[in-house]
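Which chain is which? The protein sequence lines are R and Y, in order.
All letters in the first sequence, in the order written, are residues 2 to 293 by this note's numbering.
All letters in the second sequence, in the order written, are residues 10 to 356 by this note's numbering.
It is worth saying that the hints were derived from the structure and are not from the lab.
Yeah, the Cβ is synthetic: ideal placement off N, Cα and C, and Gly gets one too.
Heads up, a few of these hints could be off.
In silico DSS-like pairs for lysine-lysine, Cα to Cα no more than 30 Å straight-line [to be verified]:
| no. | chain 1 | residue 1 | chain 2 | residue 2 |
| --- | --- | --- | --- | --- |
| 1 | R | Lys265 | Y | Lys156 |
| 2 | Y | Lys158 | R | Lys119 |
| 3 | Y | Lys158 | R | Lys265 |
| 4 | Y | Lys173 | Y | Lys107 |
| 5 | R | Lys119 | Y | Lys173 |
Stretch by stretch, here's where chain Y covers chain R in the computed footprint (C-beta under 8 Å, at least three residues) [as the list claims (entries may be wrong)]:
| no. | stretch |
| --- | --- |
| 6 | 31 to 38 |
| 7 | 248 to 258 |
So the derived label-pair ranges between C-beta atoms look like this [said to hold, decoys possible]:
| no. | chain 1 | residue 1 | chain 2 | residue 2 | range |
| --- | --- | --- | --- | --- | --- |
| 8 | Y | Glu136 | R | Pro124 | 41 to 47 Å |
| 9 | R | Ile82 | Y | Gly42 | 35 to 41 Å |
| 10 | Y | Leu106 | R | Val70 | 58 to 64 Å |
| 11 | Y | Leu345 | R | Leu153 | 45 to 51 Å |
| 12 | Y | Met348 | R | Phe256 | 44 to 50 Å |
| 13 | R | Pro258 | Y | Lys173 | 33 to 39 Å |
| 14 | R | Ser176 | Y | Leu41 | 56 to 62 Å |
| 15 | R | Gly57 | Y | Gly166 | 52 to 58 Å |
| 16 | R | Pro124 | Y | Gly166 | 36 to 42 Å |
| 17 | R | Pro86 | Y | Phe353 | 58 to 64 Å |
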Amino acid sequence: MDLFIQQVLAGLANGAIYAGVALAVVMIYQAIDHFNFAQGEMAMFSTYIAWAMLNGGLPYWLAFVATVVVSFLGGLALERIVFKPIQNAPALSHVIVFIGLLAIFNSMAGFIWEFTIKPFPSPFPSAPLFGNTLIGTHQVGMIGVTLIMLALIWVFFRYTDTGLAMRAAAANPDSARLVGVRVGWMLALGWGLAAAIGAVAGMLIAPVVFLEPNMMAGILLYGFAGAIVGGANSPAGAVLGGFLVGVIENLLGTFVPWIGNELKLSVALVLIIVVLVVRPSGLMGQRVVSRV
Amino acid sequence: MANDAQARREPADVLHFAGLTLRQWRWLWLALGLATAAALPWTVSNFTVFQFTQVLVYAIAILGLNLLTGFNGQFSLGHSAFYAIGAYTAAILMFHLKVPYFWTLPLAGVICLFAGFLFGLPALRLEGLYLALATFALAVATPQLLKYKAVEHWTGGVQGLTLKKPSPPFDLPLSKDQWLYYFTLLVGLLLFWCAWNLVHSRTGRAIQAIRDNPIAARTMGINTAMYKSWTFGVSAFYTGVAGALGAIIIQFVAPDSFTFFLAVLFLVGSVVGGIVSIPGAIFGGIFVTFIPNISEELATQIPGVAEEAAKGLTWTVYGLFLILIIYVAPAGLAGLLRMLLPRFVRR
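Produce the entire structure from the sequences given, and follow the hints as far as they go.
Here you go:
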């Protein structure tokens with residue numbers, strides 16, 4: 002039983018990261034109807050920026066905040082510079098540009114900071130929380146920070162004018178434009194937020210998986226799986242999906258011997274395909290009906 | 010004679026450039042290209058011959074992707090998986106069952122045909138982006154699947170399998186590299202010819218009609234589900250044969266050669282050459298094979314850049330090209346030619 006609880010908690014901790022990535026993916030999907038395949042590499046790049054700041058002697062939380070701000074601005078700039086010119090291009094062009102960005106971020110990180118694996122510090126003490134043996138303090142911290150971030154985002158979308166304008170721009174760009182919402186900038190804002198959320202997820206997972214240019218490939222896949230399981234157009238669903246995927250992944254890895262650690266990525270693959278085929282709208286997403 | 014009259018109405022027969030019709034130009038280019046390809050192994054070093062063999066292998070794989078994405082409109086970010094299946098089929102047949110290398114190609118192709126068809130079936134329900142996502146997942150999961158313990162006896166696990174380099178048959182006066190080049194060229198020509206015929210047939214028109222307007226295609230009586238699944242299969246067949254050839258020319262397969270970045274490599278080649286183009290696949294193959302050398306060369310020119318870091322820059326160059334092509338020539342090099350041509354031809 003202890004093992005079971007331990008694995009569920011560990012799954013929730015990883016799930017917190019997947020939820021973060023899934024949320025970032027959904028933020029952009031809602032706004033432009035595209036999956037950002039570069040989300041993982043953007044988060045990885047942000048984490049490297051944090052690492053560089055920490056190496057330069059900045060205290061952890063200052064570097065944390067600075068990275069989030071830089072990532073936000075970076076995401077904003079990406080939308081304005083790279084994606085605005087092709088906003089009406091077909092879906093394939095978008096996918097190709099996403100893949101291009103993925104390749105650029107991945108190799109630039111290796112080029113600037115080298116491909117060697119680097120340890121990344123955790124802001125949380127290494128002593129177990131309240132002397133428990135079930136879950137590490139960093140894991141609790143991961144869940145905690147993710148939940149705080151989600152609460153902030155919820156408040157932002159629910160109670161601020163900008164949040165409302167962003168929701169309007171995503172739901173119905175034409176009407177939003179008519180009532181004076183600057184739809185283009187709302188998109189850019191969405192990109193900025195997604196980049197910032199990704200940066201937080203990257204900095205939280207880096208102490209667990211270590212920092213290297215390819216660290217996010219698997220995590221992005223789980224993030225996508227979370228977004229799909231929860232419903233690609235539902236932020237709350239994405240978070241739920243992320244946690245679910247974390248727990249499912251850990252339990253299957255522990256209790257099904259032939260899956261173990263080796264086939265964990267395939268679990269995400271199967272999850273994505275099964276959910277897309279059986280219930281494309283996910284747990285909490287809305288079915289999209291298109292008129293032909 | 011009625012047929013001839015009909016054929017004469019095609020633009021390629023009517024339009025002229027420097028005194029020759031476009032159809033004549035096409036044959037001229039083809040003849041020139043073939044002559045160059047045939048003469049090549051006698052003019053360059055063995056390593057360069059190997060590189061051009063690699064070009065052909067990539068070109069075949071990219072052609073598979075073009076058939077699927079360019080002509081049928083289905084995205085795939087997972088063609089590295091089919092390349093891997095083809096490569097491993099060839100390697101396992103040669104290593105464990107001592108099958109001669111040329112027999113592994115049809116088998117690898119057929120296995121990929123069915124693998125692609127089976128993956129294409131659920132993919133039918135996935136429109137555009139979701140298909141990109143599912144195939145992305147396939148590509149990311151592939152190396153892990155290849156390392157799986159239960160099949161380690163066959164696949165060689167993380168170590169992979171090392172193969173023998175085939176010798177030329179009938180005591181032909183060729184080096185091994187030259188023979189492999191001609192062998193690949195022969196297979197490639199056959200496959201390109203088939204693809205050309207496929208695209209210009211009734212089936213090919215159906216495949217393209219589905220891309221342009223699936224609902225109208227269905228109204229015309231095209232079984233879209235079957236066509237899409239089989240196009241996926243045929244596309245996987247091409248990439249699978251390329252994978253088998255790749256294993257034969259490199260004489261080595263290992264899980265970490267088939268990561269997601271291999272799928273990106275195919276995408277780069279496809280986009281640069283022109284995604285709705287058959288000869289474009291050859292440009293694509295040349296591009297992805299030789300850009301790493303060129304970009305490394307350039308990067309090492311920058312003072313203070315270590316060799317290790319310069320290697321990493323290749324992917325930045327690929328990425329920049331991907332984005333640049335989408336901005337200036339979304340139809341790739343082939344599309345650019347197609348666009349410029351009308352300015353120079355006259356009736």
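Now the hints, each set against the structure:
1. Lys265(R) / Lys156(Y): holds (12 Å)
2. Lys158(Y) / Lys119(R): holds (29 Å)
3. Lys158(Y) / Lys265(R): holds (13 Å)
4. Lys173(Y) / Lys107(Y): Holds, because 11 Å separates the two Cα atoms, which is no more than 30 Å.
5. Lys119(R) / Lys173(Y): Judged against 30 Å, a Cα distance of about 39 Å means the pair is violated.
6. 31 to 38: holds (count 4)
7. 248 to 258: violated (count 0)
8. Glu136(Y) / Pro124(R): 41 to 47 Å: holds (42 Å)
9. Ile82(R) / Gly42(Y): 35 to 41 Å: holds (39 Å)
10. Leu106(Y) / Val70(R): 58 to 64 Å: holds (60 Å)
11. Leu345(Y) / Leu153(R): 45 to 51 Å: Once the Cβ atoms are compared, 48 Å apart, the range 45 to 51 Å for Leu153(R) and Leu345(Y) holds.
12. Met348(Y) / Phe256(R): 44 to 50 Å: violated (58 Å)
13. Pro258(R) / Lys173(Y): 33 to 39 Å: Given about 37 Å between the Cβ atoms, the range holds.
14. Ser176(R) / Leu41(Y): 56 to 62 Å: holds (58 Å)
15. Gly57(R) / Gly166(Y): 52 to 58 Å: violated (42 Å)
16. Pro124(R) / Gly166(Y): 36 to 42 Å: holds (38 Å)
17. Pro86(R) / Phe353(Y): 58 to 64 Å: This hint is violated: roughly 29 Å between Cβ atoms.
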